[in-house]
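Student: Sequence order for the protein chains is R and X.
Numbering-wise, the working numbering comes out as the position in the first sequence, counting from 1, plus 619.
Numbering-wise, the working numbering comes out as the position in the second sequence, counting from 1, plus 619.
To be clear, the hints were calculated from the coordinates, so they are not data collected in a lab.
Where hints are given, some of them may not hold.
One copy or two, either will do: identical chains are not told apart, so a pair holds if it fits within one copy or between any two.
[Said to hold, decoys possible] Using 30 Å as the maximum straight-line C-alpha spacing, the simulated BS3-like pairs for lysine-lysine come out as follows:
1) K870 <-> K928
2) K662 <-> K675
3) K870 <-> K708
4) K675 <-> K863
5) K708 <-> K662
The lines below spell out each chain.
2 protein chains.
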Amino acid sequence: MTAMQAQNTLAGQIVSAIREVVGAGPAMLHEPSFNGNEWLYLKECLDSTFVSSVGKFVDRFELELAEFTGAKHAVAVVNGTAALHIALKLAGVTAGDEVLVPALTFVATANAVTYCGAIPHFVDSDVATLGIDAAKLRDYLLSHTEQRANQCVNRASGRIIRAMVPMHAFGHPVNLDELLAIARDFNLALVEDAAESLGSYYHGRHTGTFGLMGTLSFNGNKTITTGGGGAILTNDVELARHAKHLTTTAKLPHRWEYRHDEIGYNYRLPNLNAALGCAQLEQLPRMLAAKRELFCRYQAAFMQIAGVKLIAEPDQCLSNYWLQTLLLDAERADQRDRVLQASNDAGFMTRPAWALMHQLAPFEECPRMDLSMALSLSRRLINIPSSASLVPDAI
Amino acid sequence: MTAMQAQNTLAGQIVSAIREVVGAGPAMLHEPSFNGNEWLYLKECLDSTFVSSVGKFVDRFELELAEFTGAKHAVAVVNGTAALHIALKLAGVTAGDEVLVPALTFVATANAVTYCGAIPHFVDSDVATLGIDAAKLRDYLLSHTEQRANQCVNRASGRIIRAMVPMHAFGHPVNLDELLAIARDFNLALVEDAAESLGSYYHGRHTGTFGLMGTLSFNGNKTITTGGGGAILTNDVELARHAKHLTTTAKLPHRWEYRHDEIGYNYRLPNLNAALGCAQLEQLPRMLAAKRELFCRYQAAFMQIAGVKLIAEPDQCLSNYWLQTLLLDAERADQRDRVLQASNDAGFMTRPAWALMHQLAPFEECPRMDLSMALSLSRRLINIPSSASLVPDAI
Ligand SMILES: Cc1ncc(COP(=O)(O)O)c(C=O)c1O
Ligand SMILES: Cc1ncc(COP(=O)(O)O)c(C=O)c1O
Chain R
620 MTAMQAQNTL AGQIVSAIRE VVGAGPAMLH EPSFNGNEWL YLKECLDSTF VSSVGKFVDR
680 FELELAEFTG AKHAVAVVNG TAALHIALKL AGVTAGDEVL VPALTFVATA NAVTYCGAIP
740 HFVDSDVATL GIDAAKLRDY LLSHTEQRAN QCVNRASGRI IRAMVPMHAF GHPVNLDELL
800 AIARDFNLAL VEDAAESLGS YYHGRHTGTF GLMGTLSFNG NKTITTGGGG AILTNDVELA
860 RHAKHLTTTA KLPHRWEYRH DEIGYNYRLP NLNAALGCAQ LEQLPRMLAA KRELFCRYQA
920 AFMQIAGVKL IAEPDQCLSN YWLQTLLLDA ERADQRDRVL QASNDAGFMT RPAWALMHQL
980 APFEECPRMD LSMALSLSRR LINIPSSASL VPDAI
Chain X
620 MTAMQAQNTL AGQIVSAIRE VVGAGPAMLH EPSFNGNEWL YLKECLDSTF VSSVGKFVDR
680 FELELAEFTG AKHAVAVVNG TAALHIALKL AGVTAGDEVL VPALTFVATA NAVTYCGAIP
740 HFVDSDVATL GIDAAKLRDY LLSHTEQRAN QCVNRASGRI IRAMVPMHAF GHPVNLDELL
800 AIARDFNLAL VEDAAESLGS YYHGRHTGTF GLMGTLSFNG NKTITTGGGG AILTNDVELA
860 RHAKHLTTTA KLPHRWEYRH DEIGYNYRLP NLNAALGCAQ LEQLPRMLAA KRELFCRYQA
920 AFMQIAGVKL IAEPDQCLSN YWLQTLLLDA ERADQRDRVL QASNDAGFMT RPAWALMHQL
980 APFEECPRMD LSMALSLSRR LINIPSSASL VPDAI
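Okay, chain R solo, but in the shape it has when bound:
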């Protein structure tokens, strides 16, 4: 194939469009930017010697996260997976329960369910949000569950479906109004996996603040990073207190005694990592602006290419555009691997959506509804370079 011919394939056109926006490359999928007080706060942390479980940056990070998201309380934890584990536990998920989880998600959402001894129950996706398809879920619950003593029972398994965990994929808010209504109607706790959606808003309100609890991740590939880190958001003061207690070994406060009243966890965010988080949070508005600008540039570049579309934020939502995402037309799904190959070969890191949860060996036997849209999406989605630093003038 000549260079000219390569240019004319879908893969070739996509690589050209990426190059047009981000330059010659190479470009990572998502790398962090440290252009603010990161250095200063890390040094302050080291100089204070309070790098670990005690220190002012943890408190400050929690306050500033609450302020930024509008949640009444934020509890900083060691990562987004730990945040999900504790949020599900506090939502009442116990051994033998089922929890509704999108099939199209990062594996942590499903893993956290199993940490509670519960079983993930996989649900289909909505092409408009990439998150749970609310209408399809309602129909499914109507025909497959019944209410017994105000609990939602899966008729097939006999198990209680205790909660649902919508996930805001790549930063795009799900249809929360309808999912909250379903949670109410079917007696399900709603925990938002907002790991990917810091800075994303649904109808003007920050994602992660709608359900009983919401969880964030500050992993290195996220919009802002603490190295590793996460948080639990909630408007319920008692849940916040309990989350703090469980994530800090459930130790009772005492001047010298070591006494614990529950089985707790060491899910603390170290002060060192919180220091990085405080500096990153100061940069967040600028990062979000850069990522939005990157979306606009990609949109212009991909407009002319037939067979592929750049995913835009849902109606009445603001997305943080964490990962920019291409959706191949259904009849171009067979081009996906060629696009991945060509772009990665050209130094532009791209990747497909995650393997669906029910396709993974540990979850093969888990209950699930028809997953045709999730299946279709998982064959057609491609994430492309998304770092805020790709718009250097904006950060």
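With chain R held as given, fit chain X with the ligands onto it using these hints.
Tutor: Chain X with the ligands alone, transformed into the frame defined by chain R:
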């Protein structure tokens, strides 16, 4: 009471002895020292932008930990609790098993057992090491268990006792020869909780390298710190590979695909924390020397005080002297709270041993042997200021 009278009480004498060694105070129980390349490596880490799950400091920290301890492999993880969880899982501990754990330990040892769905079974302490009393354990197992198909079954509960977790309390190595023999004789996996004993040696070999696996902690209060962190030590390459896999979400290596073949965990140590660890590890020999010198100074100061003794390393062992520890004579146990009160009031942070595990609400119903020595010790032990920085000339 006059100052002179206070001076003459045991509490008064102990406060004076501490002051004699560490100066006017205040003195924390244990604070870290950052006198080496901490700053440099953190900056290098930030400048590289690799602060999270990928980066050279994690690999380097693992190699250097293996080198320092003499373990064939070290797997860095997010903290000592996570290390224990995974080590127990890899030792074959599953739901409904029992695991032998000292009653006198930090709660994480027992918690980690429950994370596997197993039940801690509490065993008594040896006054010579503060760890598991091997002779008493052997008698107990002989009379309370039987072998069925090469498994150790607790006759009372009918459950399999799968493993034992000796813990090297305050840095003092337990009687490993005898415990290894018991593990062999009764078909138990032996996992060492070496959270407190980095730099401690039993018969010339580093603690944590005797059992199937050993676990370390780099919490802020430990001999060296990564903010939060831990490691799994093992001489078995396959266990090391599996530990790495399970602690990094069990993702299969692939250029772009996200596929996981087991239920995994996000127990990664971030590169940022590993950077701190690499710098701290360089300081470790100096810290150990300082802590040993501090022991000598305390020993001189406490020699003359009747009714209390400073704990020294067991025979043929080198302790890291993580926490310097006083043991009140049995007939002075009633003075303990007065000592704690007086020393903390004077600005010298001291604390008693942990509440025993079976005294905590979540473990009240767990099986246990006679715990009379653990009970006696828990009423008589007092940790006193132990930072390496209290011997500033040595670090
Ligand atoms: C959807 C989703 N849930 C949960 C997580 C887990 O977060 P963490 O990696 O901080 O444990 C992530 C990110 O990795 C994620 O993308
Ligand atoms: C005996 C013991 N085991 C386990 C741990 C757990 O380590 P971490 O705090 O790093 O989770 C600690 C320290 O806190 C400990 O002292």
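Student: Does each hint hold? Answer for all of them.
Tutor: Hint by hint, here is what the structure shows:
Taking the shortest alpha-carbon separations for K870 and K928, only the inter-copy value of 29 Å comes in at or below 30 Å, while the best intra-copy value is 52 Å. Taking the closest pair of Cα atoms, K662 and K675 come within 30 Å of each other both inside a single copy (14 Å) and across two copies (21 Å). Both within a single protomer and between protomers do K870 and K708 lie at most 30 Å apart by alpha-carbon distance, with minima of 18 Å and 25 Å respectively. Taking CA atoms no more than 30 Å apart as the test, K675 paired with K863 passes inside one copy only; the shortest distance there is 15 Å, against 32 Å between copies.
With identical chains, the CA atoms of K708 and K662 are never at most 30 Å apart, being 36 Å at best within one copy and 38 Å at best between copies.
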